[in-house]
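At position 77 of the sequence shown (counting the first as 1) the number is 69 in my numbering, and the numbers step up by one without a gap.
Everything labelled a hint here was simulated from the structure, so no lab data went into it.
Quick caveat, the model's predicted, so the values are computed rather than measured.
Check the hints yourself; a few may be wrong.
Computed list of lysine-lysine pairs in BS3-like fashion (alpha-carbon distance at most 25 Å, straight line) [stated by the list, open to error]: (1) K77 <-> K67; (2) K240 <-> K(-6); (3) K163 <-> K33; (4) K77 <-> K137; (5) K15 <-> K64; (6) K(-6) <-> K33; (7) K240 <-> K163; (8) K33 <-> K15; (9) K186 <-> K(-6).
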Amino acid sequence: MKLWAHRGCSQNFPENTLLAFEKAAQLQGLAGIELDIQLTKDGQIVVIHDERVDRTTDGTGYVREYTLAELKRLKIDAGSYPHQKIPAMEEVFNLLEERMKAVIRSGTETQSGTETGSTPGMMSGLRLNIELKNSVLPYEGMEEKIIDMVHDRGLEGAVVYSTFCARSLEKIAYLDSEAELGILDTQISDCMYKLKGGCGATALHPFWRAMDLPAEQLRGYTVRAWMSGHLYPEKSTGTRLDLECLEKMGITDLILNEPEVYLE
């Protein structure tokens, strides 16, 4: 089973911050990092889950009512670490680009028949699952902006796009026919319904406790199940998921709040 960091290492560090992403990038064996994007008042892509800034920062109001410069003045409590800020998507790419390009290089080597085993000291690849937060508030042009940003950096092969909005995935598929798309919903049956509707998705992204289809119907699909709950700060419970049991349910990937427990 492939393990992903949900909004970075979000159980022990503030979600969707450079700190949480940096901690995730240090984990050997992590498949990738999931994050959420929205647009500012001045059309900049920022990384934040909620449509409002109230829960995760010392500010109030909707993300789209702030310019990037104004958002950068808000503080995110990080406990014993320095205060964090809402990252611009460019900052996240600056942090993770080399790890993402390692995924692309690995794929190229495999296609050319070169042995890609794990050489000591070699940088392991890391993918990015970019969730477009446009199912509550529409962000005109967000698809074009993120596609252009990914292509400008040559990172197409290391990105998965996901959203609850099937029409948004249709748009991404139109803009980039090679893009990997994951359709989000709570029940996996609803994910499948949207996928069968022709949104262009090839992966199903359900809530991990909403696997209401038999595993036999999920064969051949990538199923990236996501967690939820209070993400930061949250005390560790010491309870570990039974990954083997989840695999038998048809889950191929798990997007975890605390992947370090399973990888360190």
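| In rising order, the numbers of the hints this structure does not comply with | Numbers 6, 7, 8 - these are the hints that the structure violates, sorted from lowest upward.
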